[in-house]
Every structure is written in structure tokens, then in C-alpha cells.
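Undergrad: Sequence:
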Amino acid sequence: MVDDAPTALRRRELALALVTERGFVRVRELAESFGVTDVTARADLDALERAGEIRRVHGGAVPIGAGEGGGRPEREPSFEEALASSVVPKAEIGQLAASLVQSGQSVILDVGTTTLQVARALRARADLDDLVVFTNGLSIALELEAEIPRFTVIVTGGALRPRQHSLVHPLADSVLRDVHADIAFIGCNGVDVDAGVTNANLPEAAVKELMMRRAARSVIVADGSKLGEAHLARIAPVEEFDSLITDDRAPAVIVDELRAVGLEVLQSAPR
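Counting in full-length UniProt numbering, the sequence shown tops out at residue 271, every number present.
Relax, there's no trap hidden among the hints.
With beta-carbon atoms standing in for the labels, derived distance ranges:
(1) 129 to 37: 49 to 59 angstroms
(2) 46 to 142: 40 to 50 angstroms
(3) 126 to 49: 50 to 60 angstroms
(4) 160 to 20: 33 to 43 angstroms
Hints are computed from structural coordinates only; laboratory data are not their basis.
No residue lacks a Cβ here, since even glycine has one placed at the ideal position from N, Cα and C.
Let's have the full structure, built from the sequences with the hints guiding it.
TA: Spelled out as C-alpha cells, the structure:
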């Protein structure tokens, strides 16, 4: 916390330093740190953006060099790279997510490495039968192929995005727009109270939004490293989802913030 209220010039210097260091800073954080209103903090960020120093995004700012990752200036990791990270937390999330599914239900599985773990956990449940799964992820479809005819697997169609093996617009909505599923599991790159649920890729974010709106219950699946992060494309505000499933390592402060706005947060049991 800054002891004395800094001048506008000093505030902006400090704000720029914070954005550069952290990759993403929220308006609320700046206002609290500098003892100013949110309006003043936004004005400071707007001034920095006009000067070409930062880039404004929903809820805050990112460095001017940030690419599709929004708050993360590095490139978007490939599906295979993401698959190798946070393996245990994602598997735990997958098991908890699969426990919400009952025989005879229809399930939407968004593309992603965490949703792939949901698919694997569904396969492992020998008690499940007559399940209909819609997915835009080729890896998920192949994972579930061995369960046919116990599961019916429907691939959305659309243009293939090689980096994530995902199917996106155009045509990805041709199946989804006529579907009303029981539950949708949506992966993402960031979950933040102000920025919402975000993703690194615009076409994928559009499909994710459609998926969450075509289900009676929409559930975010994201390991703890995604909480407090903000990326390029907003899928929807957190309040528009029913639940978040994360791991026990998720930051407690952010979990409390999400619960305070009405989002149900389910966490895997600590080992």
C-alpha cells in the first residue's frame, strides 16, 4: 500500500511498472493500492494506453506486447504442452466433474486438456450408460470412441484449429444451436471476478459461449493456476455460469471472491 497519495504522474509510473511485472493488473487493485477511486484508476490506465505504454482489457490492463494470451505475453501453448502441465490437479478436477453426471444424460465437453480429463473420468465410471456427449475436441472424441455404443459421441463439425485439435466457426454452431444438454463442462485460460471467464483464442471463446448457453447447467473446469487470470477473449461473466470445479491449490482469496458473486465453487479434496 502506498503511504501518501501519489501524484497522477507517479501513479501512472507505478501502474505501468505493475502491469509490466505482473502481466495483468485489475482496476480495483490499482485503486486500492493508490487510495483513489476506480474512476481515477481507469483514467490512469486510459492515459497510459493513449501513450502507447499498455493495452486496456476488460477489468484492467496488460502489457503492450501481450498477444492472444491477454495477461500472458507468451504464445498460446499447444494442446500437447498444456497436457503435460498440472496433470494431477486436472485429473482430480476430471473425477469431481464426472461425479456430477448420471446415466441417460446429455453432456457437452468443450475442447481442452482439463475437459479431456473429464472424458477419461467418465470412461472410468462403469455405472454410466446411455450417455450422449457433444464435443468440438477431436482428442476428446477419440478418447470416448472406445465407449461406443455405451456412449453416443457427437462431434460438432466446423473448421479445424490444429493447435488445440478443436473445431470452431464457421459451422461449429450447426449442431449446437439445436441442442439442449443437461450439463456443459467448459475449459478456459482464466477465471476472474472482473474480467470474467476468458480464453486465449477468439474463435474458441465463441464456441465455448454457445456451449454454456445450450446446457441446463454450465460448469467451468479450471485448475488453480487459471484463477485470477485474464486473457484476450471473454466467454461470459462468471455470474452466468452455475459452478466452477477447481483443485485444492486454488488461491483462497480468489475462491472467496468468486463465491461472493454467487458462483458455486467445488474443490477437489486435498491429498
